[in-house]
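Here is how the chains run, residue by residue.
There are 2 protein chains.
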Amino acid sequence: MTYRKVDLPVHEIRRFLEPGPIVLVSSASRGETNIMTMGWQTVMEFTPSLVGCIIAGSNHSFQLVRRSKECVINLPTADMVDTVVGIGNTSGRDVDKFRHFGLTAEMADQVKAPLIRECYANFECKLADACLIDKYNFFIWEVVKAHVAAAPKHPETLHYLGHGEFMVSGKTISRRSLFRPDML
Amino acid sequence: MTYRKVDLPVHEIRRFLEPGPIVLVSSASRGETNIMTMGWQTVMEFTPSLVGCIIAGSNHSFQLVRRSKECVINLPTADMVDTVVGIGNTSGRDVDKFRHFGLTAEMADQVKAPLIRECYANFECKLADACLIDKYNFFIWEVVKAHVAAAPKHPETLHYLGHGEFMVSGKTISRRSLFRPDML
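Protein chains in written order, with the UniProt record's numbering: chain A, 1 to 184; chain B, 1 to 184.
I should point out that these hints are in silico values taken from the structure, not numbers from a laboratory.
Just to be clear, a hint being listed does not mean it is correct.
Identical copies carry no separate label here, and so any pair may be met within one copy or between two of them.
[Stated by the list, open to error] Restricting the straight-line Cα-Cα distance to at most 25 Å, the calculated cross-link-like pairs of lysine-lysine (BS3-like) are:
hint, residue 1, residue 2
1, Lys135, Lys145
2, Lys153, Lys171
3, Lys69, Lys153
4, Lys135, Lys69
5, Lys171, Lys69
All of these numbers come straight from a predicted model, not from anything done at the bench.
Just chain A, same shape as in the assembly (with noise of 0.2 Å):
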């Protein structure tokens, strides 16, 4: 599936992100490019909109992003779970993950690292703070553009639970009545 995207403010991105769904980290570095799934991250401030994630030193990707300083966060939806556990289980070492598994390479306007066509969402991201990558691979990106399919509105999202099981997003509700307007 492919989606007809529109610009997000990068501030907005906590609505896609904060709900804590599995997300794909495309890399690129003198002139490979990888794929990696990741399920560690966090919003950390709107503006700058800044984003913190942990990439573990074992990844192929490790390299490509520690060297590049960039990276795109990508949202995929429920009906890519084959491929999402697909690219969580090979490595850019052995695979050509784009290839591999019929993923579209676009190219990014401000990152060397290439959007994932098929996914719902991209983020790119730029590095804005090394130093926790050396204690704890956790990496602080910037995220310095944002890509956002127009519709559906609520994308239907895998959280991962560890054991080869994932919760998929369920109903929204909305409490918005109840909160102070300084908390919206």
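Given chain A's structure and the hints, the job is docking chain B onto it.
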């Protein structure tokens, strides 16, 4: 609702935090307790069991967790949504949140911060690394004890979308057969 709880090995808490739920952080310092609602957290390591999270300096809880170097991360279920929103829209400066929201403070085993009895799970945390608190309000916690409801296996959790809206966790699917044994 209250649950019968059992101990969970602390390296297994990813099952509950990696899917990205809204959590309640309870704290205690100098005879005062407080609770805040939090959505910006990530698992960082299995062993030691590390969780990183943003607690903004504007929260009354900030000083309590900073001084005590402890907290409890509590996992509320979807039936508690109005309590979760209420806690997020009031301040411990004005309100005793345990009393106001009818929640029960229970003694923890290894920290002075109280457990919230009505929550599905309670993770006792000690501050592991303060190096990013000043720059990002980012706390790195070690989970030293985990209490989890014996049933149900899959709690219905809340995932914040911003703008007063929540996603409620949906069905669980397994792709275990597609995983390499060393990835499980």
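Consistency of the hints with the structure:
1. Lys135 - Lys145: Intra 28 Å, inter 23 Å, cutoff 25 Å: inter-copy only.
2. Lys153 - Lys171: For lysine 153 and lysine 171, both the intra-copy (12 Å) and inter-copy (20 Å) Cα distances are at most 25 Å.
3. Lys69 - Lys153: neither (31 Å within a copy, 40 Å between copies)
4. Lys135 - Lys69: Answer is both; intra-copy 17 Å and inter-copy 20 Å each pass.
5. Lys171 - Lys69: neither (37 Å within a copy, 37 Å between copies)
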